Amino acid sequence: MQAAAFDFKQNFFQLFGLSESYQLDSTALEQHYRMLQSQVHPDKSAHLSEAEQRVSMQLSTRVNEAYQTLRSPIARARYLLTLHGVDTQEETNTAMPVEFLMQQMEWREAIEEAKLAKDSSALEQLEMRLQHEMHELQQQLAVKIDQERDYPLAAGMVRKLRFMEKLAEEIGSAFDVIDN
Amino acid sequence: MALLQISEPGMSTAPHQHRLAVGIDLGTTNSLVAVVRNSISMVLNDADGSALLPSVVRYLADGNVQVGYPAQALQSDDPVNTIVSVKRFMGRGLADIGDVSNLPYRFANVAATGSGQAPGMVQLRTVAGVKSPVEVSAEILKVLRVRAEAALGGELVGAVITVPAYFDDAQRQATKDAAKLAGLNVLRLLNEPTAAAIAYGLDNAAEGVYAVYDLGGGTFDISILRLSQGVFEVLATNGNSALGGDDFDHRIYCWLLEKNNLSALGAQDTRLLLTHARAVKEQLSDYPEARITAILSAGDVIDTTLTRQDFYDMTQTLLAHTMQPMRRALRDAGLTVSDIKGVVMVGGSTRMPQVQRAVGEFFKQTPLTNLDPDKVVALGAAIQANVLAGNRQDDDWLLLDVIPLSLGLETMGGLTEKVIPRNSTIPTARAQEFTTFKDGQTAMGIHVVQGERELVSDCRSLARFELRGIPSMVAGAARIRVTFQVDADGLLNVSAREMSSGVEAAITVKPSYGLSDAEITRMLEDSNQFAQDDMKARALREQQVEAKQLLEAVQNALQQDGAALLGKEEQERIAGSMAALRETLQATDHLALKRAIANLNEATVAFAQARMDSNVAHALSGRKLSELES
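Order-wise, the sequence lines are chains A and B.
If you use our numbering, the first sequence closes out at 180, no skipped numbers anywhere.
If you use our numbering, the second sequence closes out at 630, no skipped numbers anywhere.
Isolated chain A, as found in the complex (with noise of 0.2 angstroms):
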């Protein structure tokens, strides 16, 4: 596989020299991350000019965002149903099967009882079994897009992917209330 130059054209994937799937290399991933920052990252040109320094910083924010991008299951998801043509409509289509609806109200009734409790193992087995069933979904997830191709069915998990992923953030918040 051979090293992508560094274009604002290149996609994500282009620019970390890595093939359009969602399943990658993650060591690959993050070496190429670093030997591009180490490139044009800011401290590389401090003691150049102010134009020279705005146009490292555009570039590094570009690599950063590349790759804080591709290094999240979800995010790497959604880019790639993006590159295939697909939007995900995560803030549009909120239709979702009903035992699905149902599941989520049950966590969030068992987060906010946890919380309520200060029970912090409580939250720590949800957030165990929250992270198992969003990574039996990623897996899936993968078998969609890498073999069937079936990209508006893959959006549709990316959808319960984003469900999932504010349910994480809604335990963080609860071990901080806890935590207060």
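It is worth saying that the hints were derived from the structure and are not from the lab.
It should be emphasised that the depicted structure is a prediction, and the values quoted were computed from it without experimental measurement.
Possibly wrong hints are sitting among the right ones.
Straight line, CA to CA, 27 angstroms or less: simulated DSSO-like cross-link-like pairs of lysine-lysine [what the hints assert, rightly or not]:
| # | chain 1 | residue 1 | chain 2 | residue 2 |
| --- | --- | --- | --- | --- |
| 1 | A | LYS166 | A | LYS115 |
| 2 | B | LYS418 | A | LYS166 |
| 3 | B | LYS180 | B | LYS142 |
| 4 | B | LYS568 | A | LYS9 |
| 5 | A | LYS115 | B | LYS418 |
| 6 | B | LYS364 | A | LYS118 |
Residues of chain B clear of chain A, computed beta-carbon distances all greater than 10 angstroms [said to hold, decoys possible]:
| # | residue |
| --- | --- |
| 7 | ASP48 |
| 8 | ASN64 |
| 9 | GLY129 |
| 10 | VAL130 |
| 11 | HIS250 |
| 12 | GLU258 |
| 13 | SER285 |
| 14 | ASP300 |
| 15 | MET314 |
| 16 | GLY390 |
| 17 | VAL456 |
| 18 | VAL545 |
| 19 | GLU570 |
Chain B regions said to be covered by chain A (calculated; three or more residues, Cβ under 8 angstroms) [said to hold, decoys possible]:
| # | region |
| --- | --- |
| 20 | 315-328 |
| 21 | 422-429 |
Note that CB positions come from ideal geometry on N, CA and C, so glycine has one too.
Given the structure of chain A, go ahead and fit chain B onto it with the hints provided.
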């Protein structure tokens, strides 16, 4: 110069010489300046051989200013005009400081900086007039600049100034303003725990995940970093920018009041007892008990003994306040205590045995205390300054830092919409689109906030501005894109643009507490440190040098890549800007010269970008990943 120095090695346009750059730790209690000499980072001492400069500034009626030990010696005699721990006021309004009854200062009323804006930074009324914390900090920085220039024998090209990692945008901006006011070119604002990690990591060739626990005089930071093959990657940071050694002093002070049935002391007695409290605290690091004797202004005699155990008990809650950020930082980094290979202790307050014990218990390991907790931050900043000044371009270490607090916007109902989450690696940018909610709406208010809370009123308000000139449309038709850009100093710029109509309206804001460039210029002119003419002459000289270097660089770049990368029209535009700059170079107007330089810079931005792209492409193409894995 807009054109990157990507010509062949040895063809650099700048003369090959060591550029003088320093690292400055602008601390709550003490400040230091350090420099790299012969590849070794060292702290610069004053004429008396002292490395620490107490961060104390005293204003005198005759306009003179005392900084450091002379000011510290008189803090109890002249408490109103002697400002200690000014760092706690940086970028802070009166409401932020809370209980001011224990502070011996006279705070001035501060007018709001604009309509609808919160009042600005606190101001202190002194015998020499009203002073802002920025001006007070600048006095400290000036002393360090003069110390460094004397020791190094030349003007500094710049400085790296450290700030607590948990400093928000307003506090960072205030620090940068203070440095400018002190005549320093700020190469970078560097987070204190990160600076410490550089000094520790490079010294010990450390690899793995480390925690830096930094408890200073007035601020607390916890940073989790991964050190790997010369990359210092901050995974998460947390803290409290209003918690430090001062608060431990204050607990002792309150205990003294209670013990001696005292209430409502005057400014002098307050400062006297606080000074004694600090001395007792320091003694208790070495002895099981310490005695305090003092005579108050009304003649009351204080003679009390404090035991270590009592001190531990009264400061338990303060220590607990450092544990919560530690748990959060670990959570944000997705790590547990067992992942932490070492805990680096930074800041004078980590000398307290109860702090070391609590940190050791939390991380289940003995913290690393073999560094000088007062100096390690300045030493790390000096190493960074040396690299940023361009003295070691081939250096292969890299620093990846984060923003400590989420940045967001106010949406309907006073709720915060996070745009950039905390612990995002910087520099970073994020755009969000909004729309109008009324038919024919032509303006939109944009309120920028920083913090983790859901309600805007619980977050820090950074700036408010209005985007005007939105074309009249039905509600929901306009597309207003708000872009947040955080630079490598952790400073935010926000711009807004109406996208749908092709009509562009953009504005860039600085935080409410930041000084405008005009204000900085005014303060500089007011300052008796620089005579105006000197400033102009100096500015002219600097601009002349920059103009010549720029012309040469552009010339070289054009010869190399001009034909390949530029169209005829663009070449002509650059040639025109070059001619204009050459002409202005003959005159003595430094502002005109600055404009001409800016014009040429502007004209060559796209060219520089194209050269950078082709350079990086050249550097990377043909290399295989396996080769890059070294």
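Status of the hints after comparison with the structure:
1. LYS166(A) to LYS115(A): holds (16 angstroms)
2. LYS418(B) to LYS166(A): holds (13 angstroms)
3. LYS180(B) to LYS142(B): holds (10 angstroms)
4. LYS568(B) to LYS9(A): holds (23 angstroms)
5. LYS115(A) to LYS418(B): holds (23 angstroms)
6. LYS364(B) to LYS118(A): Holds, because 24 angstroms separates the two Cα atoms, which is no more than 27 angstroms.
7. ASP48: Since the minimum Cβ distance to chain A is about 33 angstroms, ASP48(B) lies beyond 10 angstroms and the statement holds.
8. ASN64: ASN64(B) is indeed farther than 10 angstroms from all Cβ atoms of chain A, at 36 angstroms.
9. GLY129: holds (34 angstroms)
10. VAL130: holds (33 angstroms)
11. HIS250: holds (22 angstroms)
12. GLU258: holds (27 angstroms)
13. SER285: The claim stands: SER285(B) keeps its Cβ more than 10 angstroms from every Cβ of chain A (closest is about 29 angstroms).
14. ASP300: Correct as stated: the minimum Cβ-Cβ distance to chain A is 40 angstroms, above 10 angstroms.
15. MET314: holds (22 angstroms)
16. GLY390: For GLY390(B), whose nearest Cβ neighbour in chain A is about 3 angstroms away, the distance does not exceed 10 angstroms, so it is violated.
17. VAL456: holds (17 angstroms)
18. VAL545: The claim stands: VAL545(B) keeps its Cβ more than 10 angstroms from every Cβ of chain A (closest is about 12 angstroms).
19. GLU570: Correct as stated: the minimum Cβ-Cβ distance to chain A is 15 angstroms, above 10 angstroms.
20. 315-328: As far as the region 315-328 of chain B goes, the hint holds, because 3 residues have Cβ atoms under 8 angstroms from chain A.
21. 422-429: Holds: 6 residues of the region 422-429 of chain B have a Cβ under 8 angstroms from chain A.
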